[in-house]
Structures are given as C-alpha cells and as structure tokens.
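Take the sequence shown: its position 86, counting from 1, is numbered 119 in the numbering used here, and each next residue is one higher.
These are computed hints drawn from the structure, not numbers from a lab. Quick caveat, the model's predicted, so the values are computed rather than measured. Virtual Cβ for every residue (Gly too), placed ideally from N, Cα, C. Heads up, some of the hints might be wrong.
To be verified - Derived pair list, reagent style DSS-like, types lysine-lysine, alpha-carbon separation capped at 25 Å:
no., residue 1, residue 2
1, Lys-285, Lys-398
2, Lys-169, Lys-116
3, Lys-169, Lys-285
Claimed, not checked - Here are the simulated distance ranges between beta carbons:
no., residue 1, residue 2, range
4, Asp-82, Asp-180, 14 to 22 Å
5, Gly-42, Arg-122, 53 to 61 Å
6, Asp-351, Gly-42, 37 to 45 Å
7, Gly-88, Phe-325, 50 to 58 Å
8, Ala-103, Gly-299, 18 to 26 Å
9, Val-87, Arg-272, 45 to 53 Å
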Amino acid sequence: MEKTTTLSGLPHLCDVEHCTYCQACSSACAHGAIRFETDACGFAHPRVDADRCVGCGLCEQVCPVIHPPAAGGEPRVLALYSKDDATVRSSSSGGVFGELAVHVLDGGGCVFGAVARDGRIYHTRADRPEEVEPMKGSKYVQSDVGDCYRQARRELAHGRQVLFTGTPCQLAAVRTFVGPRLAEGLLTAEVVCHGVPPVALWARCLRLAGIDPADVDTVRFRQTEVWNYRSRLRTREGRWRDLFFVPDVYMKLFMRAMTYKPACYGCPFARLPRYADFTLGDFWGIRSSATFRVNRRGTSVLLLNTARAAEVFSAVADRFVAEERDLREALVQNPNIERPTARPAGREALLADLTTMDGAVFVRKYRLQNTLRNYVGYWLRRLKS
Numbered sequence: 034m035e036k037t038t039t040l041s042g043l044p045h046l047c048d049v050e051h052c053t054y055c056q057a058c059s060s061a062c063a064h065g066a067i068r069f070e071t072d073a074c075g076f077a078h079p080r081v082d083a084d085r086c087v088g089c090g091l092c093e094q095v096c097p098v099i100h101p102p103a104a105g106g107e108p109r110v111l112a113l114y115s116k117d118d119a120t121v122r123s124s125s126s127g128g129v130f131g132e133l134a135v136h137v138l139d140g141g142g143c144v145f146g147a148v149a150r151d152g153r154i155y156h157t158r159a160d161r162p163e164e165v166e167p168m169k170g171s172k173y174v175q176s177d178v179g180d181c182y183r184q185a186r187r188e189l190a191h192g193r194q195v196l197f198t199g200t201p202c203q204l205a206a207v208r209t210f211v212g213p214r215l216a217e218g219l220l221t222a223e224v225v226c227h228g229v230p231p232v233a234l235w236a237r238c239l240r241l242a243g244i245d246p247a248d249v250d251t252v253r254f255r256q257t258e259v260w261n262y263r264s265r266l267r268t269r270e271g272r273w274r275d276l277f278f279v280p281d282v283y284m285k286l287f288m289r290a291m292t293y294k295p296a297c298y299g300c301p302f303a304r305l306p307r308y309a310d311f312t313l314g315d316f317w318g319i320r321s322s323a324t325f326r327v328n329r330r331g332t333s334v335l336l337l338n339t340a341r342a343a344e345v346f347s348a349v350a351d352r353f354v355a356e357e358r359d360l361r362e363a364l365v366q367n368p369n370i371e372r373p374t375a376r377p378a379g380r381e382a383l384l385a386d387l388t389t390m391d392g393a394v395f396v397r398k399y400r401l402q403n404t405l406r407n408y409v410g411y412w413l414r415r416l417k418s
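Hey, can you work out the whole structure from these sequences and the hints?
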C-alpha cells in the first residue's frame, strides 16, 4: 500500500485512495491531532495536525490497512434463518445478527452496531435487547464509529464479552485497536460488503428527491415483507415515505457501484480468508431442496471463519433452521466474499455531475427513472407480501 505523510517526521497515514475511513487512527489519538478532510463528494482522508502531534505512532499502529490483523482459516458455510419469525421480520435477511446479539447479551456482554437515527448513520452500544433492535437491518451508508472502539476496549479490559458488528474494514480496525491481549473477549461479525458511500452522497441524493436530510428520523434500506431492496424513510413527524416513487437515486447508484469510497474498489478485506469471526450476508440464489426450505422473507449465508465462531455458533445452533453448504455456491451471487467490487467506468464523471447538476437533469442523463418493468415488479411484490 502506498502511504502518504503531510509533513516530514509526522506519522504516515493512508491517502484518499487507500483510506477506508474506519477512524481507528483518530480514535487512537489522545491529543486530537488527526482530522479528516473531505472532498466535494464527502470522501475522507486523514490529516495530522503538526502542532498537536507528539509522535507516539499509535495512529499508524492501529491502522488495519498498514498493519492488518491475522486472518481466519477455511470457513464453514451455512445457509440459515432464525426459527423466530419476529426476528426474521425485523431483520434484512435471516436474523443471524439478532440471535448472536441476544446470546452475547444473555451472557452479560454488550453489542456494538450501526443505527439510523435523526438523519445520521452511526455506531452505538447496546446493553439490553431493546437497544439491539435499531441495529438490525442493512445500512448502505458509511457509519460514524464515534468512540465505540474506545468503549469496546474499555469493556474488554473489564472482562466483558463484546460483539462488534460492521463493515470488514471497521472490524479489522477494532481488532487492531484493542490489541491481541484483549481480543480474546472480542467477537466480530462483518457484513458481506459491496462498498460504502459517504453520508454526504446519501444526503445529496435525498435533496435530489426533494427531501431535507434534517427532516429524516430513520431509514430502512431493506423491507421485511419481502426479501428485496427498497428504501423507506420516516420523517420527524412520524410519517413513512416509500422512496421507490422518487425514484430512489441513492440505491440505484449504489447497486451500480458508482458511489463507493475509492478504497472500496481495492479493499484488502474483501478476500478469503476473512478477518472477522463471522461473515453475514444474503444467500442470494439459493433454492429449496429436500433437506432445506428457503425462507422467502430472508435466508442468510453465514461463514464461520474461526474456531471461536464455530464454538459460539454451536451454542445458538438450535435457534436456526440451518444447513451446511458449499462455499462455491455462496460465491455465485456473493462475489464480494472473495474479491472487492470493480471500479465502474464513468464513475468520476457521474460523481462530478451528482454534486453539481440539477436533480431532474441528472436523473434523465443517467437513466435513473423507474421503468414500466420496475412498477410492475413493485406491485407484484406488494401483492405477494
């Protein structure tokens, strides 16, 4: 990895092409010497304040791109979903995260995950089951980890088990941040990540749809009545709005891989073997068989990447309808398990237009309108749900 330094003698940190914005470096700095600069699209990279930096080097030591943690081994692959229908309904897929979280909480541990509140996407901590609920569901926006790495390290130092969930780069970061001595009490559960856009691009797309991000209470990028992608948001007045009819520019661009961070297209963590204990995703393309019935509300793929993951899963296995599957089957429609998303042609030009162009003109230029096929599919899914 190429590294950059702002001034001679200061720490070497990632440049904009390699920075994942995991925020490990700024979380490790006790002197507030690291700030993130953002460009017009909201893509961030770290800068060191020479007046505050004391040269301790902690920021470099915890960067998972510069110093990646040890990877796991050959994964066991499962297709599964929770036996509790309410858990599946409140999740994006098969409810695996919810069951793992309850298991950790029942054992006196705590859980860290991303929530969508007040028009923001950020990590927070849960000590009770009701606090886990907002963490369920996919968030296709870069989350702000705040001080969650520091909180996790503090809880681990006190002997408490911690389940930390997030993107692969965030989980590699929390492992390097807490260090090998405390990592024995840390469980990590990553999502199968396509790539992550910054919150500024999400806000821009909302404005294109005539929505003020400040008026958004929460957002659901996936719906529970049927296993698919469709964004809905709740306003501060409590009204739900379906973004399908806007159209949903953000998710259309996300699915075209146009808006991810530059580092996502060469992500060092989107590879086998994986760096987290658990890897969670949708088992797209799976079919029912004589031995396994697919749940149409969501069926998950789960990779057990470490011996610890296998041990924990054995303790909760009776909560799931599950079957071991072949890794090759999981890779067919989940290629990001073994490789990062390729950077699409025309991305830079599109992003330049997204930050400057009138919304209606932008939608027409990039053919983001809903088609008749989109509308027919939408209503058919509604009728089946």
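So, going through the hints one by one against the coordinates:
| no. | hint | in the structure |
| --- | --- | --- |
| 1 | Lys-285 to Lys-398 | holds (14 Å) |
| 2 | Lys-169 to Lys-116 | holds (17 Å) |
| 3 | Lys-169 to Lys-285 | holds (22 Å) |
| 4 | Asp-82 to Asp-180: 14 to 22 Å | holds (19 Å) |
| 5 | Gly-42 to Arg-122: 53 to 61 Å | holds (55 Å) |
| 6 | Asp-351 to Gly-42: 37 to 45 Å | violated (57 Å) |
| 7 | Gly-88 to Phe-325: 50 to 58 Å | holds (56 Å) |
| 8 | Ala-103 to Gly-299: 18 to 26 Å | holds (21 Å) |
| 9 | Val-87 to Arg-272: 45 to 53 Å | holds (50 Å) |
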